[in-house]
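Participant: These are the residues of each chain, in order.
2 protein chains.
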Amino acid sequence: MDLPIGYLFNGLNDDQLKKIAAVAKEISMKNGQQICREGEEAKDLYILKTGAIELITKVENDVELPISVLRNPGDIFGSGVLIAPYTYNLTARCTETGTLLFIEGPALQKLMMDDRELGYIIMTNLAEQFLIRLKESRQEIKMHFNTLLRAYR
Amino acid sequence: MDLPIGYLFNGLNDDQLKKIAAVAKEISMKNGQQICREGEEAKDLYILKTGAIELITKVENDVELPISVLRNPGDIFGSGVLIAPYTYNLTARCTETGTLLFIEGPALQKLMMDDRELGYIIMTNLAEQFLIRLKESRQEIKMHFNTLLRAYR
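In order, the protein sequences belong to chains A and B. If you're matching positions, the first sequence starts at 1 in the numbering used here and goes up one per residue. If you're matching positions, the second sequence starts at 1 in the numbering used here and goes up one per residue.
These aren't lab readings, by the way, just hints derived from the structure by calculation. As the structure is a prediction and not an experimental result, all values here were calculated from the model. Among the hints, erroneous ones may be present.
Put simply, identical chains are the same to the list, so a pair is met inside one copy or across any two.
Below, simulated DSS-like cross-link-like pairs (lysine-lysine); rule was C-alpha separation at most 30 Å, straight line [claimed, not checked]:
id, residue 1, residue 2
1, Lys30, Lys43
2, Lys135, Lys18
3, Lys18, Lys58
4, Lys142, Lys19
5, Lys110, Lys58
6, Lys49, Lys18
7, Lys18, Lys142
8, Lys25, Lys49
9, Lys49, Lys19
10, Lys142, Lys30
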């Protein structure tokens, strides 16, 4: 199994990458197909191989707020499977037909329990990624705040 | 050293907690004192023992946006010391005279390298905490978005 390397697997050695590739399975996806849904129990981690995925969140009255588009081989989604409360944090929809790899949560958790270094590296990468997204979100809140400030000045 | 247990140390066993307590140092803080500053190199992890800390971020023209207030023994700040790019993510200011514990970054990193299980647990707790804050931030963005939607409906 050819495993494209995204942020989550950075720093793993060849042996560790082989262990992960060994539990990854390939599926195809079609334009328009929903892969996972925000708030539902997270069962799999997904790795983009080809095609594109849009990540979205629902606001009021089913209006959708786009969060990001994944286009690079190795891009990850479904990371909610790694961490409490084990739910998908965003909805993922295919916007360009392609191929995904997926790893079942229990298989990944077993690898992280058996090889604590692998677990440590993956969790460090995950925390780093969440921090990047947290900073982006705070930046957006600041933008709204600045707009308000200007309106009331 | 009596170590109050916040989210970051959840799940560590007594031996691991002792190792952490052994590298923690105590300092006092006074109302109004700035403990660390957003964007600067993160040197220490801080653990609240008594008193209170306000976490803030700067927006335009030095206007401050309050993020949260820490009041519970064991509350953590300065977690930027654990993760790239190793800078403080927020400014912390004492709002009630009290006592802090601090742990120097290199001492903590050594513990996490020597005991990978300890490192794995801390990083999992950190990722979990960042995810909680990320969801809160996204919730706030949705609120702004909904306000806009209503304004243009």
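Participant: Hint by hint, note whether the structure agrees.
Facilitator: Hints, verified against the model:
In the homo-oligomer, the alpha carbons of Lys30 and Lys43 lie at most 30 Å apart inside one protomer (20 Å), although the nearest pairing across protomers, at 48 Å, exceeds that limit. Taking the shortest alpha-carbon separations for Lys135 and Lys18, neither the intra-copy value of 33 Å nor the inter-copy value of 33 Å comes in at or below 30 Å. For a Cα distance limit of 30 Å, the shortest separation of Lys18 from Lys58 qualifies neither inside one copy, at 37 Å, nor across copies, at 45 Å. With identical chains, the CA atoms of Lys142 and Lys19 are never at most 30 Å apart, being 42 Å at best within one copy and 39 Å at best between copies.
For the identical chains of this complex, Lys110 and Lys58 are neighbours neither inside a copy (32 Å) nor across copies (42 Å), given an alpha-carbon limit of 30 Å. Taking identical chains as interchangeable, the C-alpha atoms of Lys49 and Lys18 lie at most 30 Å apart only when both belong to the same chain, with a minimum of 17 Å there against 45 Å between chains. With identical chains, the CA atoms of Lys18 and Lys142 are never at most 30 Å apart, being 43 Å at best within one copy and 40 Å at best between copies. Proximity of Lys25 and Lys49 under a CA criterion of 30 Å is satisfied intra-copy only: 11 Å inside one chain copy versus 48 Å between copies.
Only within a single protomer do Lys49 and Lys19 lie at most 30 Å apart by alpha-carbon distance; the minimum there is 18 Å, versus 43 Å between protomers. For the identical chains of this complex, Lys142 and Lys30 are inter-copy neighbours only, at 29 Å across copies versus 37 Å inside a copy, given an alpha-carbon limit of 30 Å.
Hints 2, 3, 4, 5, 7 from the list above are not met by this structure, while the remaining hints are.
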